[in-house]
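Engineer: Chain by chain, the residues run as shown.
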Amino acid sequence: MPSPRRSSVRSGVERTPILAPAHVTSSGTATPTTEAAATPATPPKQRLSTHQMLHLMRLEMDRALKHGYPISALVVGLDGFDEGHHLPWRRALMPAIFQELKTVTFQNDVRGLGVWTERFQLAIFPHVTPDRLLVLANQVLERAAAVRVTGVPEGEKISCSAGIAHNLHPGPLSFETLVEEAETGMGLAQSGGGAKVVQAREVERELDKLRDEVDSQIAEIQQFQSQMFGDVENKEELWGNQLLSKVIELFKREPEKSEGVLRVEKEVIALLKSELAVWRETSTVGQMIERQKQIEMLERRVSKLTESLGLTETELKRIAQMKSIDLGVSSIYRTIQGLSGDEGNAEQKKEMLKNIFQANMDLRGQLAALKT
Amino acid sequence: MSESKNKKKQDAGEETEMGVSTATAEPQKTEGVLYLGIDFGTSHTSVAASNGVRETISSHVGYPKDVVSRKLLKKDVLFGDEALEKRLSLNFYRPLEILKTKDHGVEDFDANLKAAQDLLREIIRLAKPRKDELVYGVIGVPAQASIHSKDAIIKTAKQALDSVMLCSEPFAVAYGLDMLDDVLVIDIGAGTTDLCRMHGTMPEESDQITIYHAGDWVDNRFAELMVEAHPEAQFTIQMLKEIKERNSSVDERVEPALAELPVNGKPTEFDVTNELRQACQGIVPPIVEGLKKLVSTFDPEFQKRLKNRVLLAGGGSQIRGLHLAIEREMHKQLGGGKCMRIQEPVYGGSNGALKIAHDMPAEYWEKLK
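Protein chains in written order, with the numbering used here: chain A, 1 to 372; chain B, 1 to 369.
Be aware that one or more of the hints could be misleading.
To be verified - Not everything, but these chain A residues come out facing chain B in the computed CB check (under 7 Å):
| no. | residue |
| --- | --- |
| 1 | L207 |
| 2 | L210 |
| 3 | Q337 |
| 4 | F357 |
| 5 | N360 |
Stated by the list, open to error - Capping the alpha-carbon separation at 30 Å, the derived lysine-lysine pairs in DSBU-like fashion look like this:
| no. | chain 1 | residue 1 | chain 2 | residue 2 |
| --- | --- | --- | --- | --- |
| 6 | A | K350 | B | K75 |
| 7 | A | K354 | B | K150 |
| 8 | B | K150 | A | K350 |
| 9 | B | K71 | A | K371 |
| 10 | B | K293 | A | K350 |
| 11 | B | K71 | A | K350 |
| 12 | B | K304 | A | K350 |
| 13 | B | K369 | A | K349 |
| 14 | A | K354 | B | K128 |
| 15 | B | K71 | A | K66 |
| 16 | B | K158 | A | K350 |
| 17 | B | K304 | A | K349 |
| 18 | B | K131 | A | K304 |
| 19 | A | K371 | B | K367 |
| 20 | B | K293 | A | K349 |
| 21 | A | K209 | B | K75 |
| 22 | B | K75 | A | K349 |
| 23 | A | K66 | B | K128 |
| 24 | A | K273 | A | K252 |
| 25 | B | K292 | A | K349 |
| 26 | B | K266 | A | K209 |
| 27 | B | K75 | A | K354 |
| 28 | B | K338 | A | K209 |
| 29 | A | K354 | B | K367 |
If you are wondering where the hints come from, they were derived from the structure by calculation, not from laboratory data.
Beta carbons: idealized from backbone N, C-alpha and C, even for Gly.
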């Protein structure tokens, strides 16, 4: 059963989808201009509408799923420059950055399909693995930072963030989910300071790994603590007793013990016992100190991991709020309440609750009997 | 310990009485136990949750009829008023209507069952449970729901809840109001009106009566009267239902209920006051007949007290003047009585179910996981 703390970055997500009609109006309207990121051999001449381009992308996705080859999606967005106040800047910058995207794909001999609007750039690349796309995306971001266009003041710092998604993980995938994943990645990158490339799935996996690590460390500490005393003491006790028995055995070999031998025997055994006690104490203390150190180290590590997990989860919550992701509303109770004995008719209610419970148990029994 | 318990108890009281007011009481908490009280009704489904969320949707479910409508609606399943509005493009279900009947041989029973399961899942989703919280729920079902209906509800609920219990709807209403002794509950729903006699213990079969003079019956009667009075008017049951929900009353002195209905395609205004009043009044005698049965079979010493503690709940209790009409009819048939309308007809059942969930001991929840 999965840990209750485990939560998904993607779960319950309601994004403003890139593929929403508002963002994919046909070319010719004020909003989008669309171009194909054509093959290296043929620089962009063909102009298609966004709808046509998205249709082509869907076809590519279907083919990739049908034939089982990798396909990756890249979503690039400008950091800052809000759409309300800086729309003219965005309109000037986005085609220039799209040009950089095409240049990078040409230079890396990669073929793909791309569209751009003032809000985002979307490109998909059949036969391109995510690690290769990561290299490409970083190059695009680097080049985008150096873009200068008329209409945008020289001193303005330009940076972009990108999200990557691919079809190489298990589970059902559609064109829409591919784009959504890439968009989530871009959102994470932007809210994490921008100028980054993020794979949302990887973030999710990383979080799960952190959670697993915390869980295993806690389990290890608990195991250590339970074993520590019993284990150490049992072994030493056994060894000490064996030694004592051997010494007593040695003295028994002497058939006739003189008074002197008897005295020596007593003294030797007493000495051995006291020495053993001292040694046992020091050795146990030593081992305990050693193990305590290990425990402290593990605890420090757990606390760091927990802190890191907490920070990551706080950051995710913040992003979720920004993106209108609904994480649910917390209950006002942390534990099961149960009827308080102080209530006026508590006994009567307890009896009724017992009856409800019993009726439900009977119902389950009847249902089980029906099934068999 | 006892102090914190008292504090918790106080919180619970506030939550039951005030609903949403505690929604943001402690927003910083990130884990805990979320209780849900769900009223699974023929007309409306409501949920009250221990995070302060209270939601209600009409119990309608629709699935796009074909690929074209799916593309158009951009959803695989629609709920509530949205489903009702777009029902022409949908395979449309009012699942509880079928599920609450005992006849499971009806056509499309399985499809209705699936629709009910989807509806329950939706109402649980609307309660906004956090993914890291345990969710325990009590679901109010009609006292006489069949074992197959209960099975379907449990199966569905178990997918979304960590532990689930069912209880009788009128009982939940009484429990929520802390009226457990010598009370008669009238729960007027769409499909059925449930009458329940509370006498300090769990009501038995003999303490409950289900009659079919309820919201749907009023709609059909209203339609018959409209056909008689205004044969030229064109309408559907759904149109009449909307008129009823706006104007229903059994009072003699009310504002005229005017409704616009088409006549040969032309919108025409009709005064439907009398027809609507007559239809609404039609449920009073059978309800009081049922009350009479429950009163007359009760301990004679406590009959008077019982008659004076009649609770009117459910969506049907929103008919203006109904409690007074019941009192008048009780006077005729039983020589007197007092009927009180509960403050929150829509959430009466779910509030009560939530209170049951809250009071239920931990070991019971554990055993029903």
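Engineer: Indicate, hint by hint, whether the structure satisfies it.
Structural biologist: Each hint tested on the structure:
no.	hint	in the structure
1	L207	violated (13 Å)
2	L210	violated (15 Å)
3	Q337	holds (5 Å)
4	F357	holds (4 Å)
5	N360	holds (5 Å)
6	A:K350 / B:K75	violated (45 Å)
7	A:K354 / B:K150	holds (19 Å)
8	B:K150 / A:K350	holds (24 Å)
9	B:K71 / A:K371	violated (39 Å)
10	B:K293 / A:K350	holds (29 Å)
11	B:K71 / A:K350	violated (53 Å)
12	B:K304 / A:K350	holds (27 Å)
13	B:K369 / A:K349	holds (22 Å)
14	A:K354 / B:K128	holds (29 Å)
15	B:K71 / A:K66	holds (23 Å)
16	B:K158 / A:K350	holds (25 Å)
17	B:K304 / A:K349	holds (24 Å)
18	B:K131 / A:K304	holds (24 Å)
19	A:K371 / B:K367	holds (20 Å)
20	B:K293 / A:K349	holds (26 Å)
21	A:K209 / B:K75	violated (34 Å)
22	B:K75 / A:K349	violated (44 Å)
23	A:K66 / B:K128	violated (37 Å)
24	A:K273 / A:K252	holds (18 Å)
25	B:K292 / A:K349	holds (27 Å)
26	B:K266 / A:K209	violated (67 Å)
27	B:K75 / A:K354	violated (43 Å)
28	B:K338 / A:K209	violated (64 Å)
29	A:K354 / B:K367	holds (12 Å)
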